[in-house]
Each structure stands twice: as C-alpha cells, then as structure tokens.
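A.B. asks: In case you want the letters, here they are:
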Amino acid sequence: MPTIAPQWFHMASAPAALAVMVIVQALVMRFQRGGGLYKSLGAGFVAGLALLAALQAWLLAAFPSIADRWVLALAVNPAIFLLLAYVFFNFVNVGFVSIRIRIFEECRIRGGFVSIEELGAAYDDDLVKTARLERLSQQGHIVLSGDRWRLSRRRYIPVARVVFGLKKIVLRRESEFDCP
Amino acid sequence: MKILLAAFLLFVAAFGVHLILWRIALPRRQTAALVAIFGGAWLVFLAICFTNGPLFLAYSSLLYWSAALAYLVTYSAMEGDSPTLSLVRHLELAGDDGISHREMEAFFEKRPFVGARIAALVKDEILIREESGYRLAGGTPFLFRIVLVYRRVVFGRTQFGA
Numbered sequence: 001m002p003t004i005a006p007q008w009f010h011m012a013s014a015p016a017a018l019a020v021m022v023i024v025q026a027l028v029m030r031f032q033r034g035g036g037l038y039k040s041l042g043a044g045f046v047a048g049l050a051l052l053a054a055l056q057a058w059l060l061a062a063f064p065s066i067a068d069r070w071v072l073a074l075a076v077n078p079a080i081f082l083l084l085a086y087v088f089f090n091f092v093n094v095g096f097v098s099i100r101i102r103i104f105e106e107c108r109i110r111g112g113f114v115s116i117e118e119l120g121a122a123y124d125d126d127l128v129k130t131a132r133l134e135r136l137s138q139q140g141h142i143v144l145s146g147d148r149w150r151l152s153r154r155r156y157i158p159v160a161r162v163v164f165g166l167k168k169i170v171l172r173r174e175s176e177f178d179c180p
Numbered sequence: 001m002k003i004l005l006a007a008f009l010l011f012v013a014a015f016g017v018h019l020i021l022w023r024i025a026l027p028r029r030q031t032a033a034l035v036a037i038f039g040g041a042w043l044v045f046l047a048i049c050f051t052n053g054p055l056f057l058a059y060s061s062l063l064y065w066s067a068a069l070a071y072l073v074t075y076s077a078m079e080g081d082s083p084t085l086s087l088v089r090h091l092e093l094a095g096d097d098g099i100s101h102r103e104m105e106a107f108f109e110k111r112p113f114v115g116a117r118i119a120a121l122v123k124d125e126i127l128i129r130e131e132s133g134y135r136l137a138g139g140t141p142f143l144f145r146i147v148l149v150y151r152r153v154v155f156g157r158t159q160f161g162a
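As they're listed, the protein sequences go chains V and B. Residues 1 to 180, numbered by our numbering, are exactly what the first sequence covers, in order. Residues 1 to 162, numbered by our numbering, are exactly what the second sequence covers, in order.
None of these hints come from the bench; they were simulated from the model. Careful: at least some of the hints might be erroneous.
[What the hints assert, rightly or not] Only pairs whose alpha carbons sit at most 27 Å apart, straight line, appear in this in silico DSS-like list of lysine-lysine:
| no. | chain 1 | residue 1 | chain 2 | residue 2 |
| --- | --- | --- | --- | --- |
| 1 | B | Lys110 | V | Lys168 |
| 2 | B | Lys123 | V | Lys129 |
| 3 | V | Lys129 | V | Lys167 |
| 4 | V | Lys129 | B | Lys110 |
| 5 | B | Lys110 | V | Lys167 |
| 6 | B | Lys2 | V | Lys167 |
| 7 | B | Lys2 | V | Lys168 |
| 8 | V | Lys129 | V | Lys168 |
| 9 | V | Lys39 | V | Lys129 |
| 10 | B | Lys123 | B | Lys110 |
All values derive from a computational prediction rather than experimental measurement.
Excised from the complex, chain B in its bound form (with noise of 0.2 Å):
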C-alpha cells in the first residue's frame, strides 16, 4: 500500500507543479521541461526516502515513472493537434449529421499539420531553416533515433503512414 501512495502522491506533485509553472508561462521546450520537472521532483523523492529501502524506492519508482512516461507520451498529442483525433473530435461534435465534403475541406485548410510540424522541428533545433529547404541541425535526437531502430527491425524497411 505504502507504494501505491508514494507513487501517487509524488505523481500529484510533479503534476501540480507542472500546472503551476505552465500557468505561469509555457516552456520554449515543453517536453524537455517536463522529463525536468518529473526528473527532479523523483529526485526529491529518492533523497527524502532514501532510508525505506532498496524495494521500497526501486518499486514505487517503477509505478511512478510508468505514470510519467504514459503522461510524457499523452502531452506529446496535446502539444500538437493529431490530425485523427482532431477529425474524431470535430465529428463527434457535429453530431449524428456529420460534416458535408466541403466542411471537411475546411477542416484540413484551418490546420496546416505539415507546416506546424515543420514550425515545430525548427523552434526544437532539429532542423534550421534555410532560404530553399531545410538543413538537418545536427545528429538524430534521441526519441527519433529508437523509433526509426525500432521500425528498421519491426518492418525491415522504411515505411511510412502519413
């Protein structure tokens, strides 16, 4: 029992911190400043446990950071609009009706994806804007790296789905 409320409780404070500092202003860097605060509020925690014992802390860290993690990956879809949960959510909100072609065609044109993604790579520095294209800022970010290794093994080759 004592696991399930530690991790929870410290999941609260990292959350409510997390609450506090984007009220106060967003990041540049919204999901490096999470993995930040979800880090060192962990940090805290270990420092002010640290006498409960190897199980105690290696336990209670595992539920925690899986918490973290699954939020880390939902904030990634809150951050930018997924285009199919975007449509869901506007069909829904239409009704039983639905959306005619022509409202549908309103729908894409209102939310430029491609662009916010490309907007999106350069403010991250993953990628530097140049007169003509684009340039590759430096090596392959960490995240990027182990889903395109994970994709070459899974799919054994490159394949995409826009």
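Looking at chain V on its own, in the form it has when it is part of the complex (with noise of 0.2 Å):
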C-alpha cells in the first residue's frame, strides 16, 4: 500500500479548518434565529482557528523529521487559513450587503425585467442611507449626538485605511466618484 508524504497532512490542515469554519458558521447562522450575521462569523472563525491550532499541534508531534514543519505550522498553514477566512468572510457579506446582488435579485424575481420605478421604490439611495446609517448605529460603529455624527467604535478604521491606501496605489483615486 502506498504510503502518503506526510506533508500531505500539513497542507489539508488549512482547508480543513477553513471548511469547520464554514460549517460552523452556516449552522449558527440557520439556527440562532434572528442572531448576528457576524456573532455566527465570529463563532465559525474561532472553530476553524481551534481546529487549526490542534491540527499543527499533532502534526509536529506526529512528523518530527519534516524539515521545514516549523515554517509550515507557524507560517504557510496560519497564513493559508487566515487569507481563506478572509475571502469566506467577504463572500458572506457580500451575500447581504451588496447592492449589486441585490439589484440583480429585484431584477430576477421580477421574471427578468424591472423598470425604473420598480427599482426606484425597491432600492435607491435614500434606502442605502438610511440602511446604513442604522445599521451602523445598531451596531455601535456610529453615534448620533445632538446633530453630530462621530465614530465610536474603531474596528472599521484599519480595513478603511488598508482599502483606501491601496486604491490611491492602484487606481489613483480614493473614491470612484472622484473626478478623474
């Protein structure tokens, strides 16, 4: 019977905590109803992060005469993992905040076609305001003080940082609605 290279093992580990998370997060989600979308993240991510920490636990014990398992444990499997649940996190949220998927879907349900007016009443940007503006509230992101909108959570301003930057390297423009 053929063996298998054992670091074989070391790269499904990733995966394999990535598809915990997955599951983890989709059955929080579909079963704490009218729960946090980002509770049930929060939930898969920890899952995955125990698992793939066990897993690199094992590996090292079980497979000492791999060369470079340190590098594997401490780096390449920690950094497969984190840019997967990254991706994953993104995919979830795009699925419900999108205004492009969403635009699509009124589109669809509506047996392929939808007039302005239609589109208008179902979303337009007095929604997406408004929307947001709760949504952001609700979650502690923003407050409302006398007439004054501040920041009151800070956990946005890096992601905002990392996207704006990039899009000044990118692109060379901070927002799509810059003059060019």
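Both chains come to you apart, so use the hints to assemble them.
C.D. replies: Okay, here's the thing in structure tokens:
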C-alpha cells in the first residue's frame, strides 16, 4: 500500500480548518433565529482557528522528521487559513450587503425585467443611506449626539485605511466618484 | 521555506504586472482582467517549476491562490466604493468633531451608490438598459449564483440588507 508523504497532511490542515469554519458559521446562522451574521462568522472563525491550532500541534508531534515543519505549522498553514477565512468573510458579507446582487435579484424575481420605478421603489440611494446609518448605529460603529455624527468604534478604521491606501496606489484615486 | 518563498515571489510578480497594466490603462472588465493576470502568472509558474514535484506545486499553489483570492475580494471593495467604508473614512477624516446631519446628507448626495452599481452591471453586460427599465442580459453570473445559493442554504429564504 503506497504511503502518503506527511507534508500532504500539513497541506490539508488549513482547508480542513476552513471547512469547519464554513460549517459552524452556517449552522450558527441557520439555528440562531434573529441572531447576528457577524456573531456566526466569529463563531465559525474561532472553531476553525481552534482546529487549525490542534492540527498543527498534532502534526509537529507526529511527524518530527519534516525539515520545514516549523515554517509550515507557524507561517504557511496559518497564512492559508487566515487568507481563506478573510475570503469567506467577504463572500458572506457580499451576499448580505452587496448593492449589485440586490439589484440583480430584484430584476430576477420580477421575471428578468425591472422598471425604473420598481427599482427606485425597492432600492434607491435614500434606502442605502437609511439602512447603512441604522445598521452602523445599531452595531455601535457610529453615534448621533445632538446634530453631530461621530465614529464611536474604531474596528472598521484599519480596513478603511488599507482599502483607501491600496486605491491610491493601484487606481490613483480615493473614490469612484472623484473627478478623473 | 521554498513553498513560502515561491508563493510570495509569484504573488509579487503577478501584482507587479497588474500595477504596470493598470498604470497604462484601466481594463474595461477589471475583475476578469485581474483573474487572467493571476491565472496567467500561475500557469507560467507551473510550467517553470514542474520538475519540483506535485507536493511543492500543490502547496505553493494553495498559498498563492489564497493570497490572490484575498486580493480579488479586496479589489472589489476598491473598484466600487463601499458605502460603509467610505462613511467610516469620511468620519475618521472629520476627527472628534464629527459631521453635522446636513453634512451627512451631502456626503450621500455626492455618492450615488445605487446609480453607480446599476452602471457597473450594465458595463459588465449583466443588465441591459432599456427605455423604461433594465433587463437581465442572460443567465446568472457564476459568482452571483454561488452567493445566492449560499444565501438560500444558510438563511433559508431571500433576505437582504441595504
């Protein structure tokens, strides 16, 4: 019977941890009625990370002869898991908030055609504004005190800095609404 | 170590090609062009390194594609402005004083997100503009399909957030 090189087990560890993240997120989302999307993502991420850590500990102990085992266990496998977890987070988030998918779905459920009036009634810039402000306020990211809107939580700031920094480097503009 | 180095260099090379091409001219279909660049770089890598054995090729490809996919999803937030991130950026730049309700209204008036997304759907040939509305151009694009299937499995019904 052919033996499997132990490095293949190393390689499978991050995708296995991602699979656990996906399943746990789906189960939490499906069975916690009215619960939060981000809580389910957090639960999935913690479950995946815990499995990844356990697998790395086991792989280091079970296959001590692999030359690059520390690099694989401490750098390569965690990097693969974190990158794929980030992709999954965005995939779920896009499904929830993407304006493009919402417009596409509005058109599809109306038999492939949506009039300008129907689209405007179902989804327009006022709705986007109201929904975003409500959601960000409910989640504690922004707060309205008196007549002033302020940031109250800094969680999105690093993400915004990275995205806008990359925009400047790659697209040489900060916003799609900037004049060219 | 070879795996980490190979995937890193491959990603840097593909990103460099992307930057150079974007400096010359923005492609009409940016995401498709990015996928072609990352895919093309990967095929060149496979052709050059095929003597290194399947384990090395598979492992470095997994790391490379993880990074490439992470960049592709980040790029979708760069290509079109995210209302949430744009607002966070705007409020961060405003500092501790924040912005007034009127300034918040002006922020959204200057950024017609829905119109921009409709224009993008028309540009990507997903919707066709007609006199009185919009018609689907054809089938469901692959990415939209997997997002919608996932939504149905997890949420059990159609449910959107703006």
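A.B. asks: Please go over all the hints and tell whether each is borne out by the structure.
C.D. replies: Each hint tested on the structure:
1. B:Lys110 / V:Lys168: Within the cut-off at roughly 19 Å; holds.
2. B:Lys123 / V:Lys129: With a Cα-Cα distance of about 24 Å, the restraint between Lys123 of chain B and Lys129 of chain V holds, given a limit of 27 Å.
3. V:Lys129 / V:Lys167: Satisfied, since the Cα-Cα distance of roughly 23 Å is no more than 27 Å.
4. V:Lys129 / B:Lys110: Holds, because 12 Å separates the two Cα atoms, which is no more than 27 Å.
5. B:Lys110 / V:Lys167: It holds: about 19 Å lies between the C-alpha atoms, which stays within 27 Å.
6. B:Lys2 / V:Lys167: violated, 31 Å
7. B:Lys2 / V:Lys168: Outside the cut-off at roughly 32 Å; violated.
8. V:Lys129 / V:Lys168: With a Cα-Cα distance of about 25 Å, the restraint between Lys129 of chain V and Lys168 of chain V holds, given a limit of 27 Å.
9. V:Lys39 / V:Lys129: holds, 24 Å
10. B:Lys123 / B:Lys110: holds, 21 Å
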